[in-house]
Amino acid sequence: MADQTPMLSPDRAISIIELLARHSFGLPLSEIADQLAIPRSATHRLLADLKEEGYVRQDYDGAAYRLTAKLVALGYSFLTTAGVSNQLQPIIDRLAEQTGELVVLAVVERGKLLRLIKAQGARGGLLYNPDEGPEVYLAATSNGHAYLSTLMEDEAIQLVAKQGFQSEGVGKNAPKTFRQLFEHVDQARETGVARIFDVWVDGTSAMAAPVFRSGTKTAIGTISVAGPTIRMNNQRMDQFVDLLKAACRDVSETGSSLPIFEQA
Amino acid sequence: MSSRSRGIAILELLTGHPWGLSVTEIADQLAIPAAATVRVLSSLVASGYVHGSGKDGYYRLSPKLPALGLAFLGASGVTDLVQPILDDLAKKTGELVRIAIISTDKLTWVAKSQGARSGLLYDPEAAADVYLPASANGQAWLCCLPDAEIRRLVNDQDINRPGFGSGAPQTFAELMKAIEIARQQGYASVRDSYAVGTSAMAIPIMRRTTRRPIGTLSVAGPTMRMTEARMREIFPWLQSSAKELEAASGSSPLFSVQ
Chain A
638 MADQTPMLSP DRAISIIELL ARHSFGLPLS EIADQLAIPR SATHRLLADL KEEGYVRQDY
698 DGAAYRLTAK LVALGYSFLT TAGVSNQLQP IIDRLAEQTG ELVVLAVVER GKLLRLIKAQ
758 GARGGLLYNP DEGPEVYLAA TSNGHAYLST LMEDEAIQLV AKQGFQSEGV GKNAPKTFRQ
818 LFEHVDQARE TGVARIFDVW VDGTSAMAAP VFRSGTKTAI GTISVAGPTI RMNNQRMDQF
878 VDLLKAACRD VSETGSSLPI FEQA
Chain B
627 MSSRSRGIAI LELLTGHPWG LSVTEIADQL AIPAAATVRV LSSLVASGYV HGSGKDGYYR
687 LSPKLPALGL AFLGASGVTD LVQPILDDLA KKTGELVRIA IISTDKLTWV AKSQGARSGL
747 LYDPEAAADV YLPASANGQA WLCCLPDAEI RRLVNDQDIN RPGFGSGAPQ TFAELMKAIE
807 IARQQGYASV RDSYAVGTSA MAIPIMRRTT RRPIGTLSVA GPTMRMTEAR MREIFPWLQS
867 SAKELEAASG SSPLFSVQ
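So the protein sequences, as listed, match chains A and B.
Quick note: the first sequence uses our numbering, first residue 638, plus one each step.
Quick note: the second sequence uses our numbering, first residue 627, plus one each step.
None of these hints come from the bench; they were simulated from the model.
Since the structure is predicted, the reported quantities are computational estimates derived from the model, not experimental observations.
Misleading hints may appear alongside valid ones.
Stated by the list, open to error - Negatives, chain B to chain A, calculated, CB over 12 angstroms:
#1 648
#2 657
#3 741
#4 797
#5 800
#6 807
#7 861
Said to hold, decoys possible - Think about it this way: if two alpha-carbon atoms lie no more than 16 angstroms apart in a straight line, the pair counts; the simulated EDC-like pairs of lysine to aspartate or glutamate are:
#8 B/732 - B/775
#9 A/707 - A/655
#10 A/707 - B/638
#11 A/799 - A/772
#12 A/688 - B/714
#13 B/717 - A/696
#14 A/688 - A/698
#15 A/882 - A/827
#16 A/854 - A/890
#17 A/707 - A/686
#18 B/738 - B/714
#19 A/707 - A/689
#20 A/707 - B/714
#21 B/718 - A/696
#22 A/813 - A/835
Each residue gets a CB set at the ideal place from its N, CA and C atoms; glycine is no exception.
Work out the full structure, taking the sequences as your base and the hints as a guide.
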């Protein structure tokens, strides 16, 4: 069908999957139809197809539609065939084990930073397991600051402007102006590691460093370590700096040529 | 016939070819006309799911799809994602489905779904830790371990503990024989062992990266229904649910890095 308007994505089935990925408790048919501006009858047909293909489930007739684990499984199967699970996941797992906190690897994709691998090192008790979308908000996350610190100022401003400054849903120390942002970014550039305290989510802190394409100064990703502020203070971060940088080097050396990274 | 989304079909195909495929290969494999393939591909490129054909003329998946999966996983949390998988299996088998998680030297029941609607059903109280030698779950875990490790874990728990069924292994040799059978048939099974009149089967859930066990998944019911033939029927369903759980376990705090 060539008449589908690619607003969010190339086809309506993929738009529905994207929408449901943001609503883990599911959405009723009417809501899906309204949000995507698709007629209800067509929405019903699309959902029936997605159900048959195993992407979507409905617990009973009339219940909300929600995603199954198939999307996740598809993503994992790609990561496995692409060599990510074998070669990169162990590096992230090791860092999670060493730090006992949440570790995330994000990859650069056309000026955006996407969270790709996560490992939870905290065993219980107080742990930080945020509910986040795929795209990293550059202005108020350690991953974002680490990435921005590798760019020319013009480019950094452009990328941040494209996302806009969020005033809600961020921590009390989130930068609200470019000037505040670049204080963070400059510090990250000087030390090689971005550190934030109560910036992204109140009560949590994080540190991150860039992953460069092997032998270059081009960032292809970032790695962060995040946890409750009560544990993640400056002293503890000092202890993690070498571990974090070593993980970034490992990913750079073993991973630069993997197909998930932008190629030179 | 499902009017299958061509966009999804292409994404699924590219998932298995991380280094990419040419337009012709994609069109051939999916039996879509080349012109339509080009059209769908260019919109997938525009929306960021696919990297456009470079010098080599190949299209490959960008990280957007796996990142979307990870975001969904983070948002839904383990119970939300795990429970529907258990419910599906319970519905298919009509029996009790349970998942147990390994933490250091213990196996702990964490969630279940009862598929039997009424009549004779098996639904034990959740004794938090699984007694390994007598349960299908325990044996499924032991199957993955070297003999010395099995001996150590079972010694800690002792063998032939009172209060279990006549089918429970009475000696270490009997346990090892059961484990040998389980390794051969691909799943652990017990009969009148954990509880008299009930039988169960289980397989391990592996961590994707290390291929080490992180938990076990079982189906249990009255022995009169859970026959050997029935277990062979259930086996492929059990395997596919375990695969789904492996995918779902990626970032959940429940299956934290061991």
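Can you list which hints this structure breaks, lowest number first?
none
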